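Chemist: Below are the chains, spelled out letter by letter.
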Amino acid sequence: AAGVIQSPRHLIKEKRETATLKCYPIPRHDTVYWYQQGPGQDPQFLISFYEKMQSDKGSIPDRFSAQQFSDYHSELNMSSLELGDSALYFCASRTRGLAGEQYFGPGTRLTVT
Amino acid sequence: GQQLNQSPQSMFIQEGEDVSMNCTSSSIFNTWLWYKQDPGEGPVLLIALYKAGELTSNGRLTAQFGITRKDSFLNISASIPSDVGIYFCAGQRETSGSRLTFGEGTQLTVNP
Numbered sequence: 267a268a269g270v271i272q273s274p275r276h277l278i279k280e281k282r283e284t285a286t287l288k289c290y291p292i293p294r295h296d297t298v299y300w301y302q303q304g305p306g307q308d309p310q311f312l313i314s315f316y317e318k319m320q321s322d323k324g325s326i327p328d329r330f331s332a333q334q335f336s337d338y339h340s341e342l343n344m345s346s347l348e349l350g351d352s353a354l355y356f357c358a359s360r361t362r363g364l365a366g367e368q369y370f371g372p373g374t375r376l377t378v379t
Numbered sequence: 002g003q004q005l006n007q008s009p010q011s012m013f014i015q016e017g018e019d020v021s022m023n024c025t026s027s028s029i030f031n032t033w034l035w036y037k038q039d040p041g042e043g044p045v046l047l048i049a050l051y052k053a054g055e056l057t058s059n060g061r062l063t064a065q066f067g068i069t070r071k072d073s074f075l076n077i078s079a080s081i082p083s084d085v086g087i088y089f090c091a092g093q094r095e096t097s098g099s100r101l102t103f104g105e106g107t108q109l110t111v112n113p
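Chain order of the listed sequences is A and B.
Heads up: the first sequence at position 21 corresponds to 287 in the working numbering, and the numbers run straight through without jumps.
Heads up: the second sequence at position 97 corresponds to 98 in the working numbering, and the numbers run straight through without jumps.
Just chain B, same shape as in the assembly (with noise of 0.2 Å):
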């Protein structure tokens, strides 16, 4: 089926620094949202990206919608312990609501 590819797979960084990571996919989405997901628990909404090129924040998140619609990233400033997770982007084709298609997800961990 459709893959998101990921990266990176795991981060490990200190309190204070800044994380990126992205996904990038073969076809086209029309929507990519960003997940971030705690041991046991459901995926939790971050940031949802509607059109090409489009940069929305969320607090100290930044994600963008790639221009060619098959890429998307996410950023965390100045990260803190909380931050501490599993980020997935996830990809859906049409806007009316389809299924979605998740990346393999990326296990931060950041050191106090």
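The following block holds chain A by itself, in its conformation from the complex (with noise of 0.2 Å):
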């Protein structure tokens, strides 16, 4: 079966520096949610897009925007990078036919030095 794909796997950037992370849902998944997972952390919830709407919205740093197009992939948008970024970052997508249920992807681990 299909499965979030997200894409780069990998990130090395300098601080100050900018970073664009993308994700692409499961096929008729509706609904991407954002979530950063710091070393040994449990993933923090960052942001949400139902139907290219925002619908939630988390510890996310004015620094980072995002935003989901009509094919329903989402970007992360990050500038101005800190140390403290560096992070995996996944996407998870459901659609809201299926209460709950959300579906990760493999993430994208981001290095900034």
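The hints are simulated quantities; they were obtained by calculation from the structure and are not laboratory data.
Hints should not be assumed to be uniformly reliable.
[Said to hold, decoys possible] Okay, derived cross-link-like pairs now, EDC-like style, lysine to aspartate or glutamate, Cα gap no bigger than 16 Å in a straight line:
(1) A:323 / B:95
(2) B:52 / A:296
(3) A:281 / A:351
(4) A:281 / A:348
(5) A:318 / A:296
(6) A:323 / A:341
(7) A:318 / A:337
(8) B:37 / A:367
(9) B:52 / B:95
Remember, it's a predicted structure, so these values are computed and weren't measured experimentally.
Fit the two chains together into the complex; they arrive one by one in their own frames, and the hints show the way.
Modeler: See the structure below:
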């Protein structure tokens, strides 16, 4: 079965640079979530989109922005990167017909040097 | 923010043993989910629970949604080496599909 696709899988950036992470949800899934997971920590919710509209917002820094496009893929844009932004970034998707079940992608490992 | 207390933090068991882990919260969740995560990979959904008191199985895994809606547990029977990983509980406030709040995770090690 098709899964959530994330690209790139690994990204190395320097401080103050920008980064763009991409997420392609499971076909026919209309809701996308972004989570950040620091080393040894649990995933923390950043932001979500339903039908291309922001549906929920968590502890996402103002330096980050995201959007969902007409083909339902989503992009997380990160600017003025800081060392503390180094983490695994996961995208998850679901369809509103299946309450609760979110399916995660393999993640993007961002390293800021 | 909302915290889920997951215990134990880590477990070291022998192959063939049963395992139990649980999550508790100070507030109600409408949905409980259990995920397994391997190092550097995304969490994989194991079991989803939608009703208080619900008991659901998936192979050797059994999970329950607590009656109070503030807790859930996961049992793994007859553990095998590939059960190694980090297990996370996750709660969701609204069945319409809002954010997941995760527990701190249980690191499971299975000795052959």
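Chemist: So, for every hint listed, does it hold in this structure?
Modeler: Hints, verified against the model:
1. Pair hint residue 323 of chain A plus residue 95 of chain B holds up; C-alpha atoms about 15 Å apart against a cutoff of 16 Å.
2. A C-alpha spacing of about 24 Å is found between residue 52 of chain B and residue 296 of chain A, which places the hinted pair above 16 Å, so the restraint is violated.
3. Distance restraint check for residue 281 of chain A and residue 351 of chain A: the Cα-Cα separation of roughly 9 Å lies within the 16 Å cut-off, and the hinted pair is therefore satisfied.
4. A distance of roughly 5 Å separates the Cα atoms of residue 281 of chain A and residue 348 of chain A; the hinted pair therefore holds under the 16 Å criterion.
5. About 8 Å separates the Cα atoms of residue 318 of chain A and residue 296 of chain A, which keeps this hinted pair within 16 Å; it holds.
6. Simply put, residue 323 of chain A and residue 341 of chain A have alpha-carbon atoms about 15 Å apart, close enough for the 16 Å limit, and the pair holds.
7. Restraint check: the Cα-Cα separation between residue 318 of chain A and residue 337 of chain A comes to about 9 Å, which is no more than 16 Å; the hinted pair holds.
8. Restraint check for residue 37 of chain B and residue 367 of chain A: the C-alpha separation of about 14 Å stays at or below 16 Å, so the hint holds.
9. Restraint check for residue 52 of chain B and residue 95 of chain B: the C-alpha separation of about 12 Å stays at or below 16 Å, so the hint holds.
Hint compliance for this structure: hint 2 is the single one not met.
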